[in-house]
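Protein sequences appear in the order of chains A and B. Start counting the first sequence at 1; every next residue gets the next number (the numbering used here). Start counting the second sequence at 1; every next residue gets the next number (the numbering used here).
In short, the hints are calculated from the structure, not lab data. Where a beta carbon is used, it is the ideal one built from N, C-alpha and C, also for glycine. Hints are not guaranteed to be accurate.
[Said to hold, decoys possible] Capping the alpha-carbon separation at 30 Å, the derived lysine-lysine pairs in DSBU-like fashion look like this:
1. A:Lys263 / B:Lys22
2. A:Lys263 / B:Lys110
3. B:Lys152 / A:Lys265
4. A:Lys254 / B:Lys44
[Stated by the list, open to error] Some residues of chain B that are not near chain A, with every Cβ distance over 10 Å (derived):
5. Glu7
6. Pro80
7. Asp84
8. Leu115
9. Asp150
10. Asp161
11. Glu174
12. Thr190
13. Gly219
[Claimed, not checked] Label pairs and their calculated CB-CB ranges:
14. B:Thr11 / A:Glu256: 51 to 61 Å
15. A:Gly94 / B:Asn68: 48 to 58 Å
16. A:Ile206 / B:Gln79: 13 to 23 Å
17. B:Asp225 / A:Gly172: 36 to 46 Å
18. B:Asn6 / A:Gly175: 29 to 39 Å
19. B:Arg220 / A:Gln232: 18 to 28 Å
20. A:Ser101 / B:Ala224: 45 to 55 Å
21. A:Glu256 / B:Gln51: 29 to 39 Å
22. A:Phe45 / B:Asp61: 53 to 63 Å
23. A:Phe45 / B:Ala224: 50 to 60 Å
24. B:Ile75 / A:Gly175: 26 to 36 Å
25. A:Val104 / B:Thr148: 21 to 31 Å
26. B:Ile75 / A:Leu246: 24 to 34 Å
27. A:Gln116 / B:Gln79: 41 to 51 Å
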Amino acid sequence: MDATLGMAKTTETAGAPLIQSEINHATPVRARDVVVHYGTKQALFGVSIDIPERSVTAFIGPSGCGKSTFLRCINRMNDTIVGCKVTGKIELEGADIYDPSLDVVELRARVGMVFQKPNPFPKSIYDNVAYGPKIHGLAQSKSALDEIVHSSLRKAGLWNEVKDRLNEPGTGLSGGQQQRLCIARAIAVGPEVILMDEPCSALDPIATAIVEELIDELRENYTIVIVTHSMQQAARVSQKTAFFHLGKLIEEGKTEDIFTNPKHKQTQDYITGRIG
Amino acid sequence: MPATLNEHIVTSYEDELIDLNKSISEMGGMVEQAITEGAMALLKLDHVQAQNVRTFDAQIDQMQQRINDSVVSIIARRQPMAADLRMVVTAIQVANDLERTGDMAKQLAKRTLQLENLGLAPKFYNGVKHMKDLVSRQLQAALDAYLTRDSKAAVEVCNHDDEIDAIYNSLFRELLTYMMEDPRNITQCTHLLFCAKSLERVGDHATNIAEAAYYLETGRHLGADEQQRAPR
Ligand SMILES: Nc1ncnc2c1ncn2[C@@H]1O[C@H](COP(=O)(O)OP(=O)(O)OP(=O)(O)O)[C@@H](O)[C@H]1O
Ligand SMILES: [Mg+2]
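Work the whole structure out from these sequences, hints included.
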């Protein structure tokens with residue numbers, strides 16, 4: 001094994017030029033020394049990480065360690081939180097996403113998000129998926145829009161279950177179906193990166209298995225970051241795992257290494273269920 | 001449990017892992033005893049002791065079953081991770097090596113029963129006895145390394161494996177000489193040669209246990225960390 005992969009990387013100094021990742025993938029998302037405050041409370045303390053392309057990266061760590069906070073930095077969802085201040089640098093395909101001239105709406109199309117609780121709009125299944133492409137002007141005609149909706153539902157593995165009821169409300173679907181509808185909605189605008197914050201925590205084991213299977217298929221075409229409290233889920237779906245503790249990135253590495261042989265005691269304590 | 005790890009939040013889980021470690025320790029003790037008694041039976045041609053070793057083997061097999069059952073149950077209910085995962089996986093491996101070692105003790109006992117009426121010269125036994133002592137030491141050291149999570153001691157055990165092979169080879173030549181000296185020695189010496197082979201296998205199992213101990217503590221395979229091993 002390449003020794004550099006298993007080891008936690010140390011934080012670089014702020015503003016230093018980004019280094020080429022040691023990981024043998026392109027890394028569309030690169031974060032350096034990201035610090036987040038909510039008012040006077042500091043939630044992240046200099047997080048630096050590269051997210052590899054077309055693979056699943058899992059963020060794990062105890063409640064309140066800043067996983068969601070960091071995830072939200074990647075598509076600037078924190079902008080919507082009053083008093084939240086983000087410093088440091090995050091690049092998407094080499095461009096600084098906190099550049100003031102950047103179009104945030106466009107950023108969120110490129111970096112989609114799926115939340116813990118499925119949150120379909122109170123609209124039809126069709127409209128849930130069609131909404132994004134419409135506002136981004138991705139379809140020039142009704143048939144082009146139909147095509148986007150159909151293919152997104154197919155990619156989300158939902159097509160067979162909803163093809164005969166596209167005009168029924170999305171909120172009438174089961175929890176697992178709603179979550180896949182939200183994934184279809186994220187896919188519809190053609191993102192490069194999909195962020196998922198505990199996407200299965202409200203789902204039963206069968207619906208969870210279906211969503212995990214879907215995540216595994218989606219990584220062929222998308223870069224996925226998933227926050228999860230289930231160690232087993234992180235071990236099953238991700239190729240890279242990052243462990244956060246008290247606002248710091250403690251350790252990152254190949255998922256199999258993190259779960260069989262973590263380097264840091266804090267990681268070990270957390271994933272084995274020990275008192276840290 | 002090693003001192004470096006904190007306790008589990010779920011104490012019953014902690015207890016299960018401690019019990020598993022104890023079971024390995026207990027099984028290890030049983031197998032060490034079986035090898036010692038099997039060899040003693042052989043060296044003294046003690047029929048009764050040989051029979052005891054043979055029946056004792058069933059208890060060793062049961063112990064392995066128990067260890068496997070508790071590992072399966074821990075995996076199903078606790079989904080162990082990291083050091084815990086390595087512990088349960090190596091427990092299965094070590095229990096397997098111990099069971100096979102127990103079989104070797106049984107082989108020694110069987111040979112004892114076959115050698116009984118042959119009235120052997122003591123000089124034939126010296127090499128076997130020497131080999132048994134070395135093998136027992138290796139087995140004990142490997143088990144200690146496993147139970148105390150001592151990867152350095154585990155590497156030591158692996159580095160000594162060559163000595164057993166060397167003794168086996170010289171014993172092989174020695175017994176061959178006796179056979180050539182007098183063809184009437186052939187039957188007894190062949191039996192002893194098989195015993196030596198059994199002991200040599202015990203040495204291999206000891207090495208396996210030491211490798212498991214190394215993996216348990218470090219999370220790395222000794223084969224991949226070749227620089228740890230003494231140059232040959
Ligand atoms: N909107 C907010 N306003 C103020 N503080 C916040 C806000 N959101 C999060 N925090 C604080 O920031 C820290 C990190 O929270 P965050 O939600 O990122 O943790 P998390 O790792 O996602 O936890 P969980 O696993 O419980 O979802 C916590 O101390 C939390 O209280
Ligand atoms: Mg969260």
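Results for each hint:
1. A:Lys263 / B:Lys22: 27 Å, holds
2. A:Lys263 / B:Lys110: Not OK: Lys263 (chain A) and Lys110 (chain B) at ~48 Å, beyond 30 Å, violated.
3. B:Lys152 / A:Lys265: Holds. Lys152 (chain B) to Lys265 (chain A) sits at ~20 Å (cutoff 30 Å).
4. A:Lys254 / B:Lys44: Answer violated: Lys254 (chain A) to Lys44 (chain B) is near 57 Å, above 30 Å.
5. Glu7: 6 Å, violated
6. Pro80: 7 Å, violated
7. Asp84: At about 5 Å from chain A, Asp84 (chain B) fails to clear the 10 Å cut-off, so the statement is violated.
8. Leu115: 48 Å, holds
9. Asp150: 17 Å, holds
10. Asp161: 25 Å, holds
11. Glu174: 45 Å, holds
12. Thr190: The claim holds: Thr190 (chain B) sits with its nearest Cβ about 46 Å from chain A, beyond 10 Å.
13. Gly219: Per Cβ check, Gly219 (chain B) is inside 10 Å of chain A; nearest 3 Å; violated.
14. B:Thr11 / A:Glu256: 51 to 61 Å: Since Thr11 (chain B) and Glu256 (chain A) have Cβ atoms about 29 Å apart, the given range 51 to 61 Å is violated.
15. A:Gly94 / B:Asn68: 48 to 58 Å: 53 Å, holds
16. A:Ile206 / B:Gln79: 13 to 23 Å: Since Ile206 (chain A) and Gln79 (chain B) have Cβ atoms about 18 Å apart, the given range 13 to 23 Å holds.
17. B:Asp225 / A:Gly172: 36 to 46 Å: Check failed, 58 Å falls outside 36 to 46 Å.
18. B:Asn6 / A:Gly175: 29 to 39 Å: 36 Å, holds
19. B:Arg220 / A:Gln232: 18 to 28 Å: 23 Å, holds
20. A:Ser101 / B:Ala224: 45 to 55 Å: Check passed, 50 Å falls within 45 to 55 Å.
21. A:Glu256 / B:Gln51: 29 to 39 Å: Between Glu256 (chain A) and Gln51 (chain B), where Cβ atoms are some 49 Å apart, the hint is violated.
22. A:Phe45 / B:Asp61: 53 to 63 Å: 55 Å, holds
23. A:Phe45 / B:Ala224: 50 to 60 Å: At roughly 35 Å between Cβ atoms, Ala224 (chain B) and Phe45 (chain A) fall outside 50 to 60 Å, so the hint is violated.
24. B:Ile75 / A:Gly175: 26 to 36 Å: Distance hint for Ile75 (chain B), Gly175 (chain A) holds at roughly 29 Å.
25. A:Val104 / B:Thr148: 21 to 31 Å: Since the Cβ atoms of Val104 (chain A) and Thr148 (chain B) sit about 57 Å apart, the hinted range of 21 to 31 Å is violated.
26. B:Ile75 / A:Leu246: 24 to 34 Å: Taking Cβ atoms as reference, Ile75 (chain B) and Leu246 (chain A) lie about 31 Å apart, which means the hint holds.
27. A:Gln116 / B:Gln79: 41 to 51 Å: At roughly 22 Å between Cβ atoms, Gln79 (chain B) and Gln116 (chain A) fall outside 41 to 51 Å, so the hint is violated.
The structure does not agree with the numbered hints 2, 4, 5, 6, 7, 13, 14, 17, 21, 23, 25, 27 stated previously, though it agrees with the rest.
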